[in-house]
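Participant: Listed below, chain by chain, are the residues.
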Amino acid sequence: MRGVIKGALAEELQNSLRMEKEYDAALRKLPKGCLSVKKIKGHKYYYLVSREKGKLKYVYKGAVPKEEVKRYKEVKEYRAKYRKLLSQVKKQVKYLRSSLRGKEAI
Amino acid sequence: MEKKQYELCVEILRRLNKAGVLKDLILVGSWCIPFYKDYFKTIKYATSIRTRDVDFMVPGRIRIKAKVDVVELLKDLGFVVGFQGREGYIRLEHPELAIEFLVPEKGRGSNKPFPLKELGINAQPLRYLSLLTQKIIHTEIAGIKISLPHPVVFAFHKLIIATLRRNKDKAAKDIEGALRILKAVLDKGQKAVIKITFDSILPAWRKKVLKCLKKMEKEDLLRLLEE
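Just so you know, the sequences run in chain order A and B. Mind the numbering: the first sequence is residues 917 to 1022 in the numbering used here, read in order. Mind the numbering: the second sequence is residues 25 to 251 in the numbering used here, read in order.
Next up, chain A with everything else stripped away, as it sits in the complex (with noise of 0.2 Å):
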């Protein structure tokens, strides 16, 4: 028995791994790349940026609807969004891990 303190962190670490799979598999989910709008002469031209083999690569789009528009702006909210509490959860199993390695119980 590793006692009630390393159980419970023991417990925490299995529900961080999971969700670390879970925020990857999220991230997957959502549409590749962001819009970049360029202005020339007063008229608004999108491109779809995303990076493919570390290198950036913009598709020209045309006119793109307005909900398209807020929808990719959504996405990339959440890509945020979701790389920010991805990289908390990898700290988490990280601490929670060195927390665990002792022997005695507590």
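The set of hints was computed from the structure by calculation and includes no laboratory data. Treat the hints loosely; a few may be bogus.
Said to hold, decoys possible - Not everything, but these chain B residues come out facing chain A in the computed CB check (under 8 Å):
| no. | residue |
| --- | --- |
| 1 | 76 |
| 2 | 104 |
| 3 | 117 |
| 4 | 118 |
| 5 | 122 |
| 6 | 139 |
| 7 | 193 |
| 8 | 194 |
| 9 | 197 |
Claimed, not checked - Here are a few chain A residues that sit away from chain B, every Cβ distance over 12 Å (derived from the structure):
| no. | residue |
| --- | --- |
| 10 | 932 |
| 11 | 940 |
| 12 | 953 |
| 13 | 969 |
| 14 | 985 |
| 15 | 986 |
| 16 | 994 |
| 17 | 1019 |
Beta carbons: idealized from backbone N, C-alpha and C, even for Gly.
Chain A is already provided as a structure; the job is to place chain B on it using the hints.
Facilitator: Positioned in the frame of chain A, the structure of chain B alone reads:
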């Protein structure tokens, strides 16, 4: 982290309340322990260790009237949907908190998730949960009214499930939490409440409570319950 976690929990309660579903839910699980602070305000009450899990129970008889997509409601807070176990119980996860919905298991029971169509999720049926509905208290957290099981039934429930746990660490945590709460109730001078509540629960459940207390050699509590 503690403050952030508490604020996130309050935000969840606020959103569920605004959506009109919180009144039909009972907060169960280890988050009850800090929320009992108000109930024990007249005595020295120290909260014990708790996990990130925030468990909401939907009592069997109650039908949730408001239709809310809970996943959508909490999505912008960063919650992602996770599935637990082979059966696929939905769990909303965040580095600070994890939310689960529970329903009391009835009859022979089944491992299948219980669909909560009104909330767009499913719930995990669990044995002995109906004990928690036997006596409910209401408290206010950041101006939001919430329902909690009475501390005594909460403690008895913890003692019962501790006898069934395979994981010894979890069982030890349950017992530690339960004894801490029963001590606080005694300190509050509510000895009679413990006895009355104990006498009101099913005989088979009473046996389990006594079995656990005997194992822990809690003579004072045993004397009170067996009077």
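Participant: So which of the earlier hints does this model not fit?
Facilitator: 6, 10, 11, 16
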